[in-house]
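Number of protein chains: 4
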Amino acid sequence: MHTVAILGASGYAGGELIRFIDNHPHFEVSFLGANRRAGQTLRTVHPQLSGGERVLETFNVDKVVETDLVFMALPHGMSCEPAMLLSKSSAKIIDLGSDFRLDTPQRYVEAYGHDHPYPGQLGEWAYGIPELFATAITSSDRVASPGCYPTSAIIPLAPLVASGLIEPTGIVVDSMSGVSGAGRGASEALQFGAVDESVKAYKVLSHRHRPEMERVLDTFTANGTSVLFTPHLVPMQRGLLSTIYATARQDTTLDDMLSAFDELYGGAPFVNRIDHSPETRWVVGSNNLLASMHLDERTATVVIVSAIDNLVKGAAGQALQNANLMFGFDESTGLPVEGWMP
Amino acid sequence: MHTVAILGASGYAGGELIRFIDNHPHFEVSFLGANRRAGQTLRTVHPQLSGGERVLETFNVDKVVETDLVFMALPHGMSCEPAMLLSKSSAKIIDLGSDFRLDTPQRYVEAYGHDHPYPGQLGEWAYGIPELFATAITSSDRVASPGCYPTSAIIPLAPLVASGLIEPTGIVVDSMSGVSGAGRGASEALQFGAVDESVKAYKVLSHRHRPEMERVLDTFTANGTSVLFTPHLVPMQRGLLSTIYATARQDTTLDDMLSAFDELYGGAPFVNRIDHSPETRWVVGSNNLLASMHLDERTATVVIVSAIDNLVKGAAGQALQNANLMFGFDESTGLPVEGWMP
Amino acid sequence: MHTVAILGASGYAGGELIRFIDNHPHFEVSFLGANRRAGQTLRTVHPQLSGGERVLETFNVDKVVETDLVFMALPHGMSCEPAMLLSKSSAKIIDLGSDFRLDTPQRYVEAYGHDHPYPGQLGEWAYGIPELFATAITSSDRVASPGCYPTSAIIPLAPLVASGLIEPTGIVVDSMSGVSGAGRGASEALQFGAVDESVKAYKVLSHRHRPEMERVLDTFTANGTSVLFTPHLVPMQRGLLSTIYATARQDTTLDDMLSAFDELYGGAPFVNRIDHSPETRWVVGSNNLLASMHLDERTATVVIVSAIDNLVKGAAGQALQNANLMFGFDESTGLPVEGWMP
Amino acid sequence: MHTVAILGASGYAGGELIRFIDNHPHFEVSFLGANRRAGQTLRTVHPQLSGGERVLETFNVDKVVETDLVFMALPHGMSCEPAMLLSKSSAKIIDLGSDFRLDTPQRYVEAYGHDHPYPGQLGEWAYGIPELFATAITSSDRVASPGCYPTSAIIPLAPLVASGLIEPTGIVVDSMSGVSGAGRGASEALQFGAVDESVKAYKVLSHRHRPEMERVLDTFTANGTSVLFTPHLVPMQRGLLSTIYATARQDTTLDDMLSAFDELYGGAPFVNRIDHSPETRWVVGSNNLLASMHLDERTATVVIVSAIDNLVKGAAGQALQNANLMFGFDESTGLPVEGWMP
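Chains as they are written, first to last, in my numbering: chain A, 1 to 342; chain B, 1 to 342; chain C, 1 to 342; chain D, 1 to 342.
Bound conformation, chain A alone:
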């Protein structure tokens, strides 16, 4: 068994990581890190889990340095310090946060409005979409697991961008996410009274996942890409649906698109194409991404609809999928291939 530390164990993604690893044949949880809730038992923090007597602890590099694998499921900006403290440890690290996903200091400043504290790290972490970057992930000790929105957009767009079937610029990603994507902390905007029976767009034109999408899609084309991204909050716990619009290149047919997708993802256990547009309840609880592709000949527009569970394929599940690759296991080991419904 390989030992696993989870920093940010009290959050939703942390809880799912614990659940998956408790059921994994080769990993076992050896450290549960928390900040505000350090000292509390797992029974208090995650009453849905077993082993409730386990205690969450404040992070301390000495407690983690000999761990085989460290997951960081921390708020933005909080991953840098533990990552640097562990720089000489032999622990492999997977960051579920956004600190190491971008590739250049310039892109980071554009996204976050300030310099990265360790700009040399940018581009040094493998970007953790296993279906696209398995080689890099397998050979890396540092993996930046993607954001939930980018996961839903990059996976179906990559084959179309790579094959030149769509214009790489002017892509519109219109997404809606369940509330768990916003984390577990108290905020007036996330009260039941403010979320239930209502929808809204948020961070219109300014969400940080847009540069992340462009940074990854850029790797599939010699020309730069441009994306316009609008996230929406919808009144549900889990699930994320992206409806994506791109301009079809002349002569692109629907069959071309389907073939490009199927060629890239034919053997992937968690990425599936279907004919009808998916519903998020079909993937909730599993590590699956479902996508459908459509071509509007009237306006020469490609429409893609993709669905994931934001906490599984969009967070904890994909992170574990990366871990499986990094340790040489089958990528689906210990991951749910079947969801629950309702």
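Among the clues, some could well be false.
[Stated by the list, open to error] With a Cα cut of at most 20 Å, we get these calculated EDC-like pairs of lysine to aspartate or glutamate:
hint, chain 1, residue 1, chain 2, residue 2
1, B, 63, B, 28
2, B, 203, A, 275
3, B, 63, B, 81
4, D, 203, D, 110
5, C, 203, D, 297
6, D, 203, C, 297
7, A, 203, B, 297
8, A, 203, B, 296
9, C, 203, D, 110
10, A, 63, A, 28
11, C, 203, C, 188
12, D, 203, D, 188
13, C, 88, C, 66
14, B, 88, B, 124
15, B, 203, A, 296
16, C, 203, D, 275
17, B, 203, A, 297
The hints are simulated quantities; they were obtained by calculation from the structure and are not laboratory data.
Once you have looked at the hints, place chains B, C and D on chain A.
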């Protein structure tokens, strides 16, 4: 008092019409028409309303012919027959359905896949957005009240199309609606178990509200318009949000857009522009439409977010607003200008 | 027009009060008090309301002293100070909070665990259920408007206790409430992620509304009453349902119970008895209470199911109903007798 | 591997059975029976599951007769025929329905209003609560798996009834359930528009689970028991909470109650007592039951709050727990001991 007949009184829009008219100073309900639920009391069908001893009846032209105003809130295709039977009645008619919204037989065939039974009627009914077509509505005895999605899209797009600030083609309308828009009848797809905690796109590239949007927007430009429309179902009762993307014409500024909007709607009691993108809970229960406008200079794209209550401004409220104009009352008479929250 | 001050205008009950008074023929809002949100516009705090440019202000007795009517919709314990400051004002006061609902210092200590700061006030305020205490309310300048749970329980129990049809002790009130009853402030326990898709009992055996129920029911019997009260939180915004169990006295028949209810409430516009057990959606948006009564002969138990909108009949609506009585208007003036559905 | 047939595979409980058995080390699905949806693929019926190419078939005894284990997850009244057809098969049978749960023809008539078609079967099936009846289940080839409401009530009540700490009569079980308990078929009462944002009691004094509770509790006391049961529908998918009231025998202390519970369930993997009243989200997704016990000395009333996932411990999970016992496996084999949250 003017007498009012409501055909389709047992549905959600019918229930809201009854509620509004029960509280209107100049209209009173004189006939409640229903089909499957004829013979039942209002207490059974709409227990939220008063006057529960009122009985729903099967439509019969003799019972309605002397009514001053007839609202038809019927499923698609069911408005033609009562409208024709009432053709020699002096009753004014407002159709909340889609039978008379399109302008040409060709557009109708394109939208519905079959010929209109009375093609001569197409184009004869005023299109009932009071903020845009008050003159036609005021002078007409026949008004086709708009669909909920078109209402949310046409109102904010009209000033931009009319002023030439955006390209009239390639407009993308990406909308999400609460479930009441799908009506009240039993269906497996609308069970709580199928809707709650899930979102989906539906009728991708084929929803009938797309031709309705184009038909109306075409009246604001010499060039034809083209729209790509994707509706989504979200787990809430009421509320509709549209996020709209259009290509900005060169030199268009955000100020140009705001001015065009404000000039057209400056005095409108129910159409308001705000700086931040709206949430649907801010309009639920009222007849208001709220919209925000944004310009993405990176991609030369205009983004509009608009919110309405699909049962009020998107159905019963707007229908009553039309009725007020047709009878010479202030357009806001008897209509809620304040919503409820939560 | 009578001027009205609302202290606690930023909360849910405050918002409903504003909406009702904006539509009332004899009252008008003259002061909006808030604490944390003082200085903000109504547009920011209650975007669903009109007159968005109105500004919320810090309470100051000088601003309110000449107002005709003051509503206090404040957190528990916060009503005492403004009430005392206004003791020499001619303003009538209605407290939606719980500071003045109990009748004796002993009962207050039992409920809250500490002494009342102005124990002489206890018993001096009329208890504001208009259907039971109209005379006292009409002749009083100080009314304590009831809690939402007590409203749902006392109204149907009062006729049965008063007529001796049930044992006055051993009554069980098992209630479930939508989340708006817990107010609008941020708390981890009220996050969408903690409330949605879950139910719980809370404050088992210790909720403060239990002594309030007993204090009022005691007035209907020479013997003391005892109540066991269990509130539950359910994932909805509005609505409150109480299922009530009491021991039937020997020879009590269902007809006796129905007659006692009907005799007391025959003319009441907002209290209605129905044959089937009610659903909360039948009353949401209105000031109505619906109740059904059942007799289990196997166990000699009376079962009552009652439903209200916790923010209307359970808070703002009932408060305004009290105000109407205090100023000599018809009790239903300006109050919604029809709800919305869905 | 033992082969498993699932009759009623298209329902919610059927879907959960498939998911659990797909992940079970000793069972494998060999037949998926359905009625209305026979001929459809699993992809269509349960898109959340893998092996989507599997096809649902009409039940035919020849296809099932050599199966090792048959689960029947059928509507009430539909289990009799397949059970009789399989009477000479060596297949073990577990019925998730209510056809074989009662013990006498009299009790059946009382509950269902008509005679049982095979009255000799009543009392012949082991009642499938493993924590209480493991011996009978282990030695039986026919197990009637309990209803969801009875599971939540009987487990915490059994030790108190058995030890004489509470009066066995006058027990009140007040429960609320998520909507999945009502099955998957279309009905107007289960539309999102009818369920969301509302709660109701249903089948007041007449629900069929009441006789089931009494039939089982009777086995723990020489005196008969009586229960008054009120189920409520709440707007969530899964989860069931019961708040239970019983009269404490004189001298009963809280410690007595806790000890009785702990003695009976000390080693049970899925039954846990906690100090605070549970929330349903703490058990959703797992096979756990959580319960808290409280004593109101003012009214000599015991209050119990218990929570389960109605589709897992209340249906498919408990059925598989029974299967494990019947085949000699550890009772928790293949069952989720950890839930998901949110």
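Here is how each hint holds up against the structure:
no.	hint	in the structure
1	B:63 / B:28	holds (15 Å)
2	B:203 / A:275	holds (13 Å)
3	B:63 / B:81	holds (15 Å)
4	D:203 / D:110	holds (15 Å)
5	C:203 / D:297	holds (16 Å)
6	D:203 / C:297	holds (16 Å)
7	A:203 / B:297	holds (16 Å)
8	A:203 / B:296	holds (13 Å)
9	C:203 / D:110	violated (37 Å)
10	A:63 / A:28	holds (15 Å)
11	C:203 / C:188	holds (17 Å)
12	D:203 / D:188	holds (17 Å)
13	C:88 / C:66	holds (11 Å)
14	B:88 / B:124	holds (15 Å)
15	B:203 / A:296	holds (13 Å)
16	C:203 / D:275	holds (13 Å)
17	B:203 / A:297	holds (16 Å)
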